[in-house]
Amino acid sequence: MKKLLMILFISAPFIAQLVVLPFANRIDPIVLGLPFLQFWLFLWIVLTPLFTFGIYLLQKSQGGLD
Amino acid sequence: MQQGNLTALSITIFIILTVVLIGFLAGRDKATRSSVEEWSVGGRRFGGLLVWFLVGADLYTAYTFLGLTSTAYTAGSLAFFAIPYSVLAYFISYFFLPKLWKVANEHKLTTLADYARERFDSKLLSSLIAIVGVLMLIPYICLQLSGIQDTLQVAGTGFINVKVVVITSFLLVALYTFFSGIKGPTYTAIIKDVLVWAIMLFMVVSLPIMHFGGWNPMVDKIVNEAPQLLTIPTEGPKGIPWFITAAFVSSLALFMWAHAATGVFTAKSADAIRKNALFLPLYNIVLILVVFLGFIAFLVLPNGTDPRFALLALIQTSYGGIGQGLAYSTIALASLIPCSIMAIGASNLFANNIYRDLINPKVKGAKLTMITRGMVFVVIGLALLFGLVFPQALVSLQLLGVSGMVQIFPAIVISLFWRNQSREATIIGLLVGLAVTFTVYSTGTSLGIYEGFWGLMANFAAVAVLNPLFVKKAKSSTNAVKNYLFEEKAKKVDVLRKGA
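Top line first, the protein sequences correspond to chains L and U. Taking this note's numbering, the leading residue of the first sequence gets 1, the next gets one more, and so forth. Taking this note's numbering, the leading residue of the second sequence gets 1, the next gets one more, and so forth.
Since the hints were derived computationally from the structure, they do not count as laboratory data. Fair warning: there could be bad hints in the mix.
Said to hold, decoys possible - Simulated pairs of lysine to aspartate or glutamate, DMTMM-like, Cα-Cα distance not exceeding 20 Å:
#, chain 1, residue 1, chain 2, residue 2
1, U, Lys473, U, Glu487
2, U, Lys108, U, Glu424
3, U, Lys221, L, Asp28
4, U, Lys108, U, Asp271
5, L, Lys60, U, Asp271
6, U, Lys108, U, Glu225
As the list claims (entries may be wrong) - Quick look at which bits of chain U chain L covers, simulated, 3 or more residues with Cβ under 8 Å:
#, stretch
7, 63-72
8, 130-144
9, 205-219
10, 227-233
11, 282-290
12, 344-358
Where a beta carbon is used, it is the ideal one built from N, C-alpha and C, also for glycine.
Only chain U is shown next, with the shape it has when bound in the complex (with noise of 0.2 Å):
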């Protein structure tokens, strides 16, 4: 690889040092360590915008603007499915999202495990909604990881050792982290989002006009020369019907990842994350703006780059220099912080769901909040491990991440509406859904469909099939949770009436 850049590795590391102290600074009160609720989702205090900040520096990641422009550059329009995936993910949160916050701050629960452990009454499933969480998310966590270790290897070939400086961030990500809890990575969102708008738009603008004169002669130019790249292809193994259930599968997806869970929980109340639902798309403009900057990449760099570059060449080779670091910054900020959010919400069901489900059920207090906050060691030490020691062991986990994560969507959200669903079906769907997964992924048979849509409909069709068997007992028992959300209203309307 060709020499690095001075000056933009030295922005780059000169801003993530600022971004890790602002990440200690956040958490100098010592009430953010008090307990899991404190240090996790911040007390539940946070207010609709600086919700909407944490899970946008929650979900847009560096894997986002790295893994879209390289899809873009390789495979075309198939890149957009992110579009209608996101903003379906924002719509239909608007419609559970609220009722189960509710739940959660009622029960004062920190994970979406917890929930299912208080609606069902079963530390089985609970341990295996945790199990999943953890072994989804730490393969994703090593993409994070990937995505500053590009960075810093393209700025800093010759110069720095990159191994060494990746885990050096990380364990500074992750000292924070323990140190500050969910106000670290709250804070310096903030700044990580201000930076990516501003880097994108700049480069949205000035790179059209770089490299043909501006944006419409762009146009012109990807529709005369790469037209392929504008539609989605009819045929081939990835064609309309995998983009449309990938779309799909994906929003049901979103909020089943432990981070987004995590950053949802900090809300203050039901209607801040009504309005964040509001807003949320609003942040997909960007991501459109980014799949061309895939195109601009494809029509400008050199025949035979690697793919997986492709952004951070186009960067290299337009700007140079300070624009460099400004946007490579942008790119390692957008893998550290997401980091901290995923490290938090993994070891959150790692402490909660595996450790005291399973293991420890008399653990409780000062000593689980100190495991929760360990664990974040364990979590970051192990997507190390594996992003840097065995980048190839959880290729399939990563490629199945959503896949897998789509599974508990109906111990999760159908839970919510639905009072007779039994613990026993949901169980043997979740299972269900899992093994067809990756079934279908192993044996290459998705007959170009996405594999977690085939997996939801059997994890659907069993729990359909086999609550009947089991809906006897899931009627006549009850709990808060059940109570909460079902008999309560009832109740209220009762109450209502009586008034009336």
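Next up, chain L with everything else stripped away, as it sits in the complex (with noise of 0.2 Å):
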């Protein structure tokens, strides 16, 4: 269970800005006064420190960090 939750946060972020980018690349709609692109971008922004977050609090859990 963690190494699935482990894997998906590491390759969430780059699977959204890398190979879901294409299909983002549009305007339409426009959320929270942003264009979808822009949008989009904006999201992970704010989800891969959460991601990333997710990550240190597992790694700890595991006692990985020193």
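Two chains, two frames, some hints: make the complex.
Here is the structure:
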């Protein structure tokens, strides 16, 4: 379970910002006053640190940090 | 060029001088220049917040603000490649920087080239890395130089001799860097970062209101009148493949820059670096907003404005006077302070890994410290020479900076995790990567993909193919760094097991 979460946390920012990007390359819908592409990039500015924090917590719980 | 603005100019010059003064005051304590480690990485005593300011100050430069707005102005959303680039750069750094910092701390290393020398027992590799680092960094300093130059030119035409002021301010920065070391840019970085956030937020709130009556009307106007700005082009020489590969390669390259590495090595613990990786992406909120300033410039400025001056012209037409002065001083600081850190990074490489590793291996102690510090003048002097006298000479190096820097990634990062990576394969990979990058660039055969991507792929391929030929020696040889990275951990686990 933890391993699966780790893989998800590590790969999500790459997949979202590199692989999925061509599909987010559009103007509509406008979310939070941002055209979709800009919203998508903004979203991952916020989500990436959260995923990083998730990884940090996972590592800590496994005693992998010193 | 039209007459400048005296109020704006006076504010800019006043703030620059204040910051230079603070830069000198930061080095009152003689200990700041007592050794290379003190002078260049502050004795590794900086906490998370200070490192955040320092690395933030380091990476978000005048060129970031002016370059991104002018890219947005001419090429629309291609400018947004900077967002996934820097978000991913911090994310990736989370996985290797703490480890790198620990090795550097344990073995008293102050540059990435130092690490490569100790890891691979190779002065050839360390001096190669240093040469690449310095060769790519000096043109980058020139870019910063043009940032402050443009600012003073717009604000000061008719009042001052721009070149004289640029040279004076850079010499002052070189002096305080020589004097205070990394402490100088660190304290001034706080002022710069606070100003950047305040001014950018102020502009992003006020400019849409002034010109369009609010944020949403502005977005509507861009959607209706210039929708081409809002998406990445799907055809043409730079489209989505370029965007994705540029973002990816740049994210791998970011912490390969000497100034970024210097910033990281100032941290007092691996945990400070992890926290830094957590919070640095937030800095990018500013970047998204900056790109929108380029879009505003596109709608507001008359056709035919030089894109290089897009942001500066937008500020001048919109505010004038005090607002312009504060915004311009922010850009000027964003030009001067990163230069100070870059100069420290480059001097360190020069003195430790070119002079000491190649020319005079016996040099150490006070003499090495003095040479490192003195190199600041050489580095800034070269940047001034190329920036002001031969501005065209380094254009391709500027364009290839990131693509060149990323080629040391296998030597610095992969080697932290791969015990049997051999020196020979790493060196050849680095050279192959550089050669492919330059060939692709000069023959124009990038096929819509970022040049550095081809270079890096060739680099990886060369390492993978050649490593088996040299693996025997790599396997049997060991040294302090390899021991620290790979064997001690195994021992620790052993001890733990025996204990249990």
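Next item on the list: With a C-beta cutoff of 8 Å, work out whether three or more residues of the stretch 205-219 of chain U approach chain L closely enough for the coverage to hold.
Entry: holds (count 3)
Next item on the list: Check, residue by residue, whether the stretch 63-72 of chain U contains three or more positions whose beta-carbon lies closer than 8 Å to a beta-carbon of chain L, and give the verdict.
Entry: violated (count 0)
Item checked: Pair hint Lys108 (chain U) and Glu225 (chain U), alpha-carbon separation not exceeding 20 Å -> violated (57 Å)
Next item on the list: Compare the distance between the alpha carbons of Lys473 (chain U) and Glu487 (chain U) with 20 Å, and conclude whether the hinted pair is satisfied.
Entry: Given that 20 Å is the threshold and the Cα spacing comes to 17 Å, the pair holds.
Next item on the list: With a C-beta cutoff of 8 Å, work out whether three or more residues of the stretch 344-358 of chain U approach chain L closely enough for the coverage to hold.
Entry: That given contact is violated, which follows from only 0 residues of the stretch 344-358 of chain U lying within Cβ reach (below 8 Å) of chain L.
Item checked: Hinted pair Lys108 (chain U) and Glu424 (chain U), Cα distance within 20 Å -> violated (25 Å)
Check: Is Lys108 (chain U) close enough to Asp271 (chain U), meaning Cα to Cα at most 20 Å?
Finding: holds (18 Å)
Next item on the list: Measure nothing beyond the straight line between the CA atoms of Lys60 (chain L) and Asp271 (chain U); if it is 20 Å or shorter, mark the hint as holding.
Entry: holds (11 Å)
Check: How about the stretch 282-290 of chain U: do at least three of its residues have a C-beta closer than 8 Å to a C-beta of chain L?
Finding: The restraint on the stretch 282-290 of chain U holds, since 4 of its residues have a Cβ under 8 Å from chain L and three suffice.
Notebook entry, point to check: According to a criterion of three or more residues whose C-beta lies within less than 8 Å of a C-beta of chain L, is the stretch 130-144 of chain U covered?
Noted result: Check failed, 0 qualifying residues.
Note to self: Please verify whether Lys221 (chain U) and Asp28 (chain L) have alpha carbons no more than 20 Å apart.
What the structure shows: The given pair, whose Cα atoms are some 14 Å apart, holds under the 20 Å limit.
Margin query: Just to make sure I understand the rule, a stretch counts as covered if three or more of its residues have a C-beta closer than 8 Å to a C-beta of the chain. Does the stretch 227-233 of chain U meet that for chain L?
Written below: As far as the stretch 227-233 of chain U goes, the hint holds, because 4 residues have Cβ atoms under 8 Å from chain L.
Of the numbered hints stated above, those contradicted by the structure are hints 2, 6, 7, 8, 12, listed in ascending order.
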